[in-house]
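The chain contents come next:
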Amino acid sequence: AQKITQTQPGMFVQEKEAVTLDCTYDTSDQSYGLFWYKQPSSGEMIFLIYQGSYDEQNATEGRYSLNFQKARKSANLVISASQLGDSAMYFCAMRIPGSARQLTFGSGTQLTVLP
Amino acid sequence: EADIYQTPRYLVIGTGKKITLECSQTMGHDKMYWYQQDPGMELHLIHYSYGVNSTEKGDLSSESTVSRIRTEHFPLTLESARPSHTSQYLCASSEPGTTYPYEQYFGPGTRLTVT
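First to last, the sequence lines map onto chains A and B. Heads up: the first sequence begins at 1 in our numbering, then just goes up one per residue. Heads up: the second sequence begins at 1001 in our numbering, then just goes up one per residue.
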């Protein structure tokens, strides 16, 4: 069974600084995908970044990058130059192999950016 | 821009009432999903669909039911609402028509309160 663990219930970061949100995963499959979503207080889920298990380079999307360490089964999200609008819940998720492409989510990290 | 809609956004209803949460997408996606999320907690998959006339139960047992008569429409029904059903319900969809990694697009959610 797949499992996602996010050990930081809450994080604080000063505006313009970088922050790392931790995510570890457990799976016996060789092929899998890891996603990060952002959930503002309004409730919608916003896709941020994706890392495939066979991708050799760490994914980057603008200010977001994914520190993928396959041997340690970790996929940490790094947000550079934090902005006040980055304050939100952040969820790490794993795609379960199979045709329905279901996602398993972690418990999330509440990030607060301080002015 | 994802075009996935959920109505109502907020619903307060008494115990024993029958409710239907609506979810529609205009992207022609085959796969659709329903998640349940308690405040500040992870998302749990309760139903998913591969396409028209196909529905499956997710990881979290739910007393709700779903139907998929049209590609664009994936309503969720509770025959008799109870206070334990109080939660946020998020609808999502994916594929085809999107590029790899086929991320799920989420609706804004319905916040249900059963009194």
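Hints in this document: simulated from the structure, not taken from any laboratory. It cannot be assumed that every hint is accurate.
Stated by the list, open to error - Anything over 12 Å on all C-beta distances counts as not near chain B; from chain A, calculated: (1) Lys16; (2) Gln39; (3) Ser87.
To be verified - Straight line, CA to CA, 20 Å or less: simulated SDA-like cross-link-like pairs of lysine to any residue: (4) Lys1057(B) with Gln102(A); (5) Lys70(A) with Gly52(A); (6) Lys3(A) with Gly1058(B); (7) Lys70(A) with Pro1101(B); (8) Lys1018(B) with Thr1115(B); (9) Lys3(A) with Ser1061(B); (10) Lys3(A) with Lys1018(B); (11) Lys16(A) with Gln83(A); (12) Lys3(A) with Lys1057(B); (13) Lys3(A) with His1044(B); (14) Lys1057(B) with Gly1040(B); (15) Lys1057(B) with Arg101(A); (16) Lys3(A) with Pro1008(B); (17) Lys1057(B) with Lys70(A); (18) Lys1018(B) with Asp1003(B); (19) Lys70(A) with Asp55(A); (20) Lys3(A) with Met1041(B).
Built from N, CA and C at the ideal position, the CB exists for glycine as well.
Inset, instruction - Find the hints from earlier in the document that the structure breaks and name them by number, from lowest to highest. - result: Going through the list in order, the structure violates hints 2, 10, 14, 16, 17 and 18 and respects the others.
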